[in-house]
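Undergrad: Here is what each chain is made of, one letter per residue.
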Amino acid sequence: MRRTDGELIMLWALPAIAIIWVSAFVLFPGFLHPMSPTMSAEEVASFYRDETARIRYSMILFNWFGVGLIPTVILLAMQVRRMAHRTPIMSYCLIACAGGPPTLFLIANMFWLLGGFRPERAPELTQLLNDLAWVTFTVLVPYLIAQCLLLALAIYWDRQDKPVFPTWVAHFNLLIAIALVPAAFGALALNGPFAWDGVLSFWVKNIAIAVWIVVMGVVLGQTIRRRRAETAVAA
Amino acid sequence: MSNTFNRRLLLVWAILTLLTLAYVWMDEAVDQNQTLTASTVVTVSAIAIALIKVRIIFREFMEVRHAPVWLCRLTDGWVVLVATCLLGSYFVGSAIAG
Amino acid sequence: MTTSTEGTSVSDTPPESRLGRFAWNCRHHPKRELWFAWWVMVVFYQLYGVLFFFVTRVQPPPSPAWDTPMIVQWFDDRHDGLLVGFGIVFLISGMCAPMNALLAYSMRRMSVSRIFAYSYLIMYSLSAIPGMLVMAIAMTVGALRPDRDPELIHWLYDFAFLSFSGTMGVFLVGSVVWLVAILLDKNNVFPKWFAYLGLCNALTEVVVAPAWIFQRGAFAWNGAIAWWINMVVFVTYTAVFIVLLRRMIEREDFGTGPLPDLPDKRESASAGSVGVLR
Amino acid sequence: MTEVAQPQLEETRSRFVPGQPDMWLFVLFEALLFTGYFSVYLVSRTQNQDLYLQSQADLDLRVGVFNTIVLLSSSWAIARCVRAAREGVYPAALRYAFVTVGFGVVFVISKVAEWIHEIGMGNTFTSDEFFQHYFFLTSLHCIHVLIGFIVMGVVIYQLRSPARRSQQLVETGATYWHTVDFLWVLIFAMLYVVR
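Protein sequences appear in the order of chains A, B, C and D.
Be aware that the first sequence starts at 1, since it is given in this note's numbering, and climbs by one per residue.
Be aware that the second sequence starts at 1001, since it is given in this note's numbering, and climbs by one per residue.
Be aware that the third sequence starts at 2001, since it is given in this note's numbering, and climbs by one per residue.
Be aware that the fourth sequence starts at 3001, since it is given in this note's numbering, and climbs by one per residue.
Just so you know, the hints here were simulated from the structure itself, not pulled from any lab data.
One or more hints might be untrue.
Chain C stretches covered by chain A per the calculated footprint, using a threshold of three residues with CB under 8 Å from any CB of chain A [as the list claims (entries may be wrong)]:
1. 2029 to 2041
2. 2068 to 2078
3. 2091 to 2100
4. 2123 to 2130
5. 2135 to 2141
Computed spacing ranges between beta-carbons, pair by pair [to be verified]:
6. B:1052 - D:3139: 38 to 46 Å
7. A:74 - D:3092: 33 to 41 Å
8. C:2039 - A:70: 26 to 34 Å
9. C:2235 - D:3124: 27 to 35 Å
10. B:1052 - D:3124: 32 to 40 Å
Idealized CB from N, CA, C, for every residue including glycine.
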């Protein structure tokens, strides 16, 4: 029998953490519907005054579990390591991307919590913290885009009889990368699809991330199960 | 052979120390009653003496004397370059200040 | 790492046309991953220069001694450039990943422990956040609402430039990790003089710290010592390692022993002064 | 410097670069870097002559001279160390290496004492422009000395065991140490003597 190496634990942690993310997402009053960038300082301040409790508790949840995506990305990096590449560069790339999004998200998370800490603060200051939080949250895409593109490239280069991932995973990652692009320009407009509460910068981006997590979770699960079956037979 | 080397090193050290002590003399000569006064002569000679010392360190301690010719030329060129930069910035700065 | 199954199965003859050869190289070149990472690095630095110096015009840095109205004016002048330019920065900063992966790979190719490669990889992946993205976020928020209280815009201005200039620790320790690896390496991946150049670079990273203390003079964030001299050293260092990495990829033989010299370089290298052990 | 005739020397030893040639790039690059710092210092000095002279009066030239002579002596010791190692007299080489480190330690102690003295007099990094440059240049140089201790550690490590004893590494380390020395010679002239 093979030793317990914890790989499956790391994999199954993902859906558990994802449930927490979803509940925190729903709990935060500013996500459904997303807060508008056109709100005046006074409106923002009163939002923080009225919704203090939900802001605090949802963001504490995010603060606890925001880094939960890292094991998944590292699992992906380990699969990339098994591909038919000559160098470990592509898996290094994914490792290099792993820490970025959670770190940026934690910065945004901190600004939200700071805003909720003293809601009686001068409205301009609360608005500033709110702006910092939303801008950081909206533009945290660079590493995710890079991650998707690099994974796609790694899969395209994985030419062997039994590739680690099927090719559609690469196409899927390209699609997600494209869906994430508009969010980088989320600060260009205060309303419209590009604004941080807009269709592109909020809905498309966050749904893309969610779909990516679900699909890649499933793909990872299948790949790992297949490989474990193979090694079990071989052993 | 070893002895000539060591004597030479000691001599070099003595010269460098004497050059350092020359600063003290320069210092005494230019200042009246502990008040420092600006002096181009002191500045230029301070830089010159420092660079002479640097060149001696290059040649003797760092053994450039025995190094291939390109390294000798390079280090000499460097001393000239540093001298140009330092004196240049001093004089240009003074000129700007008026 | 799994060995490549394609190296033997694919025909070694690239097509004649230039475009065909490019496509062949992208798909089959044995060093495609290395060249990919190298080109991403080159393009990244070009874009970085263009974005910071010409699109957003935040470099060379303005003075920390300005008064508030002047800073608000500065933001007004650059409003669109800041938003668009930093939008592109957010889009492309993931390009750091292949670059850092290549640098880490160079250490992996050396005869030193893997600790070096992984430490460097993590440190430099982290470095983009304080070194670039925090500044971009602060600048974006500053430009977002021109009608914001000027004092707050002033604070964002300080936040942006100090986070950009004042967080050199990762680069300091990172270059030290790299240079120690080069000095210990027996595979001759990099010449030793590059390690000493890395020491010069690390020492200039130390020099930026006074930017936290001074609002004017040579040590402020736009000062002659804290910015200009450092910039020259940093650009030299970067240009040198880009060239050396290129040479490393050319020499790469995918073994674990010493990297061979390039055939035409071998003679000049043994006669010249560069990186040959006596 | 006087070119004392050393005919045997030129004949018996072919010309060579002491240590790794690579180290010379560091020497020259670092010298240029410091030249940059000195140029900035000299230009800002000329713009505000009186302030610099006034603040400079708080420095004690004798301490600077002492520091310089200590470092020159350490440089002399490491030169002796290199000669001894080249002739294969390793115990002597090791002794001189320790003497070098000893002089280095004396230098650092006297430097720190001088800093404490200056800070006690109210001259800190932020008090005026002259002391900005003073503390910047001396502390940056002090970092070089501390790195020098690591380098000397490598040299001593090399000299200790017959299995190692790479003459090249010893000479490279010596070149670094001399660099620290000549940088101080320049800093000393800049901060203490220039008027």
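Undergrad: Run every hint past the structure and note whether it holds.
TA: Results of checking the hints against the structure:
1. Residue count for the region 2029 to 2041 of chain C with a Cβ under 8 Å from a Cβ of chain A: 7. That meets the three needed, and the coverage hint holds.
2. Residues of the region 2068 to 2078 of chain C with a Cβ under 8 Å from some Cβ of chain A number 0, which does not satisfy the need for three, so the listed coverage is violated.
3. Coverage of the region 2091 to 2100 of chain C by chain A holds. Counting CB-CB distances below 8 Å, 9 residues qualify, and the rule asks for three or more.
4. Closer than 8 Å: that is the beta-carbon criterion, and the region 2123 to 2130 of chain C has 5 residues meeting it against chain A, so the requirement of 3 holds.
5. As drawn, the region 2135 to 2141 of chain C meets chain A at 5 residues by the rule of a beta-carbon pair under 8 Å; at three or more, the given contact holds.
6. Hint check: residue 1052 of chain B to residue 3139 of chain D, Cβ distance near 27 Å, so the stated range 38 to 46 Å is violated.
7. About 55 Å separates the C-beta atoms of residue 74 of chain A and residue 3092 of chain D, a value inconsistent with the hinted range of 33 to 41 Å.
8. Separated by about 28 Å at the C-beta atoms, residue 2039 of chain C and residue 70 of chain A satisfy the suggested range of 26 to 34 Å.
9. Checked against the hint of 27 to 35 Å, the C-beta distance between residue 2235 of chain C and residue 3124 of chain D comes to roughly 33 Å, which is consistent with it.
10. At roughly 34 Å, the beta carbons of residue 1052 of chain B and residue 3124 of chain D sit within the given window of 32 to 40 Å.
Violated hints, in rising order: 2, 6, 7; the structure is consistent with all others.
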